[in-house]
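Q: Single-letter residue listing:
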Amino acid sequence: MSDIQVWTLVFVVLTFSLYIYIAYRSRVKDTKGFYVAGGGVPAPANGAAIAADWMSAASFISLAGIVAFATNGYFGSAYLMGWTGGYVLLALLLAPYLRKFGKYTVPDFVGDRYNETARLIAVVAVILISITYVAGQMAGVGIVFSRFLGVNLEWGVLIGMVIVFFYAVLGGMKGITWTQVAQYTVLIIAYLIPAFAISSTLTGKVVPQIGFGEVVSKLDQIQADLGFDAYSGIGSQSLRDMFLLTVALMAGTAGLPHVIVRFYTAKNVRAARYSALWALFFISLLYVSAPAIGAFSKFNIINPDSAEGLNGVAVDATPDWYNNWADVGLISVTDVNENGVIDLAASAAPAEPAAGQFGELVINNDIVVLATPEIAGLPAPVVGLVAAGGLAAALSTASGLLLAISSAVANDVYYKKINPRATEQRQVLAGRIAIAGAILVAGYFGINPPAFVAQVVAIAFGLAASALFPIIVLGIFWKKTTAIGAASGLLAGFGFTFIYVITTVRLAGDAPLTDPWFFDIPATAIGAVGLFINFVVTIVVSLFTPKPTPLMQELIEEVRYPGKTRLVEAHLAGKVDDEKLHGEGHH
Amino acid sequence: MDDAARKAYWRSNVRMVIGLLVIWAIVSYGAGILFADALNEAVPDFLGFPLGFWFAQQGSIITFVVLIAIYVFYMDRLDKKYGITEYEEEVRHS
Numbered sequence: 001m002s003d004i005q006v007w008t009l010v011f012v013v014l015t016f017s018l019y020i021y022i023a024y025r026s027r028v029k030d031t032k033g034f035y036v037a038g039g040g041v042p043a044p045a046n047g048a049a050i051a052a053d054w055m056s057a058a059s060f061i062s063l064a065g066i067v068a069f070a071t072n073g074y075f076g077s078a079y080l081m082g083w084t085g086g087y088v089l090l091a092l093l094l095a096p097y098l099r100k101f102g103k104y105t106v107p108d109f110v111g112d113r114y115n116e117t118a119r120l121i122a123v124v125a126v127i128l129i130s131i132t133y134v135a136g137q138m139a140g141v142g143i144v145f146s147r148f149l150g151v152n153l154e155w156g157v158l159i160g161m162v163i164v165f166f167y168a169v170l171g172g173m174k175g176i177t178w179t180q181v182a183q184y185t186v187l188i189i190a191y192l193i194p195a196f197a198i199s200s201t202l203t204g205k206v207v208p209q210i211g212f213g214e215v216v217s218k219l220d221q222i223q224a225d226l227g228f229d230a231y232s233g234i235g236s237q238s239l240r241d242m243f244l245l246t247v248a249l250m251a252g253t254a255g256l257p258h259v260i261v262r263f264y265t266a267k268n269v270r271a272a273r274y275s276a277l278w279a280l281f282f283i284s285l286l287y288v289s290a291p292a293i294g295a296f297s298k299f300n301i302i303n304p305d306s307a308e309g310l311n312g313v314a315v316d317a318t319p320d321w322y323n324n325w326a327d328v329g330l331i332s333v334t335d336v337n338e339n340g341v342i343d344l345a346a347s348a349a350p351a352e353p354a355a356g357q358f359g360e361l362v363i364n365n366d367i368v369v370l371a372t373p374e375i376a377g378l379p380a381p382v383v384g385l386v387a388a389g390g391l392a393a394a395l396s397t398a399s400g401l402l403l404a405i406s407s408a409v410a411n412d413v414y415y416k417k418i419n420p421r422a423t424e425q426r427q428v429l430a431g432r433i434a435i436a437g438a439i440l441v442a443g444y445f446g447i448n449p450p451a452f453v454a455q456v457v458a459i460a461f462g463l464a465a466s467a468l469f470p471i472i473v474l475g476i477f478w479k480k481t482t483a484i485g486a487a488s489g490l491l492a493g494f495g496f497t498f499i500y501v502i503t504t505v506r507l508a509g510d511a512p513l514t515d516p517w518f519f520d521i522p523a524t525a526i527g528a529v530g531l532f533i534n535f536v537v538t539i540v541v542s543l544f545t546p547k548p549t550p551l552m553q554e555l556i557e558e559v560r561y562p563g564k565t566r567l568v569e570a571h572l573a574g575k576v577d578d579e580k581l582h583g584e585g586h587h
Numbered sequence: 001m002d003d004a005a006r007k008a009y010w011r012s013n014v015r016m017v018i019g020l021l022v023i024w025a026i027v028s029y030g031a032g033i034l035f036a037d038a039l040n041e042a043v044p045d046f047l048g049f050p051l052g053f054w055f056a057q058q059g060s061i062i063t064f065v066v067l068i069a070i071y072v073f074y075m076d077r078l079d080k081k082y083g084i085t086e087y088e089e090e091v092r093h094s
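Chains as they are written, first to last, in the numbering used here: chain A, 1 to 587; chain B, 1 to 94.
With the rest of the complex left out, here is chain B (with noise of 0.2 Å):
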């Protein structure tokens, strides 16, 4: 990769990151804390639950590992839009 490639590259992944954790924050600390009695009387009953509730204890942990999967299939395709197929193999002592 050139330099410009590689700001490139870089500049997509920090994006896509980034919005990753706004999720991330928002259903965490948004949904499943801060707003999570407000959300508890908006919508009692979800699927059973209060909705505040269900994301602190169910919907934070499911959506977790949706941002996952997100982030690694982009980067995947990330990576073969910038050419790199080749991945290093070694692990070394200092």
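So that you can see chain A by itself, here it is in the shape it has in the complex (with noise of 0.2 Å):
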């Protein structure tokens, strides 16, 4: 073993019997306790744990690289932007009035807000969504465990499958959230260090913030040198599709099932505010390194002058980094103009380019922020630090959509449609069962991805932005939104969406990719559409059908309001009559 793979191991094994440890202290066994932590956590921690479980492998392994490597640089903002930008909406629209209502899960709000029609599309849309979303973590635990214990890609992932089967199944959410408050911890230090360690190496600066800077000039330099757009504009890239993927990621972020669930786990209204404002302070740490760390990461590899650079090095005298990840297929060279020196042209790339092509390199993004600390020349143990704080975002994520995928079934399916007299305990045996399932389809994906990481998780979020944001914040906002209106928005907006992915990205093997057919727009960044069709058809629906209940809309006048009011109370209690809420002829 080198000393990478010691100090990896050593840092693995080390976190991972924190969390099993912390959540094997607090493991719980009614369904209120496996669903929503009792209710009882402070904000801070409540915000450490949200910012865990958001935070995944698309954040800690993907961003950084997407940013610096998928495209000149720029265009990876909407990135950066949008996946923090939606906790705006999130904390402003959502999760006050969410946690006033009271509910366990999304369907819960939507099929009592709306009718069970609407419910049932939910409960599918939040299954759909949330194993798009775990593939993405599988697929990134996958390449952390290949890398640093030397197994190859599928054998990474079963390990990473057995693993948060095992302490998704083990914890529910009480363990789960001061499991993540622990992972938060981790994965944020893990971050950081080399961040603050390379920002002084290269640029004398201390603040990765601040070094960051120089170094965007001197890329813009090198990339022109190279044939490439400057990598502080857009350039060639399409500020539509900038717009648009920005757009899908905000909404998706403020309607993902699992980052919703989490605010019920606040005590009250002002703790769900105050949990969206710390969530979002510890996101933005990672956040606004993440795009150093990009920066710093390709100008190490592309200066001609780096001393672990690839830029003119001869083929046969690759660094020992290029090398390891070169062993599990991450990174690869053809030496299209056969004068033995890597050559990173824009001009020097073959005919047919793959994904990730640089002149005549190829790079997975999802390598860059694990390969950092080695091509900066940083210590093995801050190496083995940074895959511990890969797995550790990966791990919170899954386990955090797992319990939605969980809740939905045992909850949303099982308890409501199949069994409504099933004990507390068939119902968590019902989850823990779905978890199985999902793990299992995850793993097939986290496998045989269909793309990087992090454009695995935009979809996730295009899925998320077109189904869940527009209703849950019409259902506030605009009392008049009925049950049809919500129903009928819901399934054009997230049909539309689902189907544009399904028909364009290429789900496993070698089928052949379609393009893409609505006005060239790239799967990532079709939710923003979905989100507008489900906007616009809900509204005009909602128009033209019976309007909510009076009592309906009294209960929603009650949900803007903080504090205990006697209609929200009573509907909590179950002591609100379904036809009386709801109309003649519900269900």
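Honestly, the hints are just simulated from the structure, not real lab data.
Being a predicted model, the structure only gives us computed values, none of them experimental.
Honestly, I wouldn't trust all of these hints.
What the hints assert, rightly or not - Cut-off 30 Å, straight-line C-alpha distance, at most; resulting in silico cross-link-like pairs (DSS-like, lysine-lysine):
1) A:547 / A:417
2) A:575 / A:479
3) A:564 / A:480
4) A:547 / B:81
5) A:580 / A:479
6) A:580 / B:81
7) A:480 / A:416
8) A:205 / B:81
9) A:218 / A:416
10) A:564 / A:479
11) B:7 / A:547
12) A:267 / A:218
13) A:564 / A:575
14) A:205 / A:416
15) A:480 / B:81
16) A:580 / B:7
17) A:417 / A:480
18) A:267 / B:7
19) A:267 / A:205
20) A:417 / A:205
21) A:417 / A:575
22) B:81 / A:564
23) A:580 / B:80
24) B:80 / B:7
25) A:575 / B:7
26) A:267 / A:564
27) A:267 / A:416
28) A:575 / A:480
29) A:416 / A:547
30) A:547 / A:575
31) B:81 / A:267
32) A:479 / B:80
33) A:416 / A:564
34) B:7 / A:564
35) A:479 / A:267
36) A:267 / B:80
37) A:267 / A:575
Unchecked claim - FRET-style restraints, in silico, Cβ to Cβ:
38) B:70 / A:543: 44 to 54 Å
39) A:196 / B:41: 30 to 40 Å
40) A:225 / B:66: 37 to 47 Å
Every residue gets a Cβ at the ideal spot worked out from N, C-alpha and C, and that includes glycine.
With the hints as a guide, dock the two chains, each given alone in a separate frame, to form the complex.
A: This is the structure we're talking about:
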């Protein structure tokens, strides 16, 4: 074993023992503790848990790489703004009201506010969104294990599946909340240490957010020399696609079931607001550092003068870090012009460039953060710590998502539709079976990922944006949104986005890729269109269908104010008559 | 709260939310995307960055945190003004 493998193993074992210990200590048996941690988690802790839940393999492993390498550099800002800006929507438009409403799950809100049809479509949406998202995490876990344990990607994913299953099933939400606080701590330390270290060695400035500036202007120059667009401008990229992608990611953030459900773990409306603030604060620490890491890493790789760089290096004298990643097939060079030297100029690329092509180099975006410490020549313990951080990010998110799936299946399908007399234990069992099923599906797509981690995840966001965000916001802010309106909007928006995604993304194997058939909009950004469709259909249909009952309108009115109110209390206690709330002919 | 107080509370809330979302949109979609190239040219050296690029990768994120902070503190004051001191505690199964 190499030094790096030893240190990785040390950090992974240490941190995992900590998580499992915490999960075991706070394990739960009833449904309430399983899904919402009994409502008693302080706001900063809840914020850190949301942050860990939220910052997945996509944020930790993939983000810096996709910003710096997937395009010229600037275009990737869509991911940075999208994944943070959505929290503003969440905090201002959703979190306080959903907390006041006080139900367990997103389909619960949709079903109670609208009708059973809308609930059912929402359940399907929640399950599809979550599985897509978990698949992204599994792919991330696979990359970490394959590189640092020296196993192949399949085994890496399999190991990840077993671990995720073990503690998502064991813990439940309460266990997960405190475990995620620990995971946030691990992942942010693991992310910031290399950022600060590289900034000091590369620029002489300790704070990466400041050192980053001069590197960007150097990258502009180097990329121009190599024949690429400047790092800092839109160049030949599509401003429209960047705009749409940002919209899809922002609204998707605000519509993600596993994040929304988190606000129910807050003690009350006020705590829900503070949880959102803490969450974004914790998230922003990573998000203002990620673009710096990406830029440092790209600079180190493509700068002709860097010690561990690849620009102009002989094909048979590549640096160690390159060889390690090449062994697992995540970076490669084809000497197109056969001059024995790696040529990174745009003109040196083969006629049919692969994804991640950069001159003669093909780099998988997902390795950038994990490889950065090695490229910068940081010591082995730092590399091991970063690997442990990446796993923390992937696992914390996967377990949160699996809980969203299991609550959708156990609560919204099994309990509500199949067996309303099910005991709490049976519901928890149904939830656990759902988790196992979801892991198998996600594991399959983790082994056969249709795209880079961040892109798989971006698609999940598009689905969330088009399905849930519009009908929840309208449900709160426009009392006259009708059940038929919401169900139609949900079906139209989500249906369009889902069909677009499965017809344009290669799902597995070598199936041919269809061209993006709707105005050339990439699958990652199509959620913005689905969102728009959902809004328009919901509003138009609502104008022409029977209005919600006065009682429903009064209930929505009450949701808008914090504090104890009569109708919301009665509704939560199950004392509001369904027929009176939803009108005649409900069900 | 009586009906008039409720209306006033909600109006203050919605007005604040709209104001904050306008800033949110100007900073991200405006400075970070639509006018980024123009800002890059106008201010090529803001803390070492072209300004539009800085907004897209740093400034917008920092602004988002500040916006939520303003909202949270404003709502605390609003709650107090309308005498909301007791918050509900319950979360239930349907």
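Q: Mind listing which of the numbered hints don't hold for this structure, in increasing order?
A: 4, 6, 8, 9, 12, 14, 19, 20, 23 and 38
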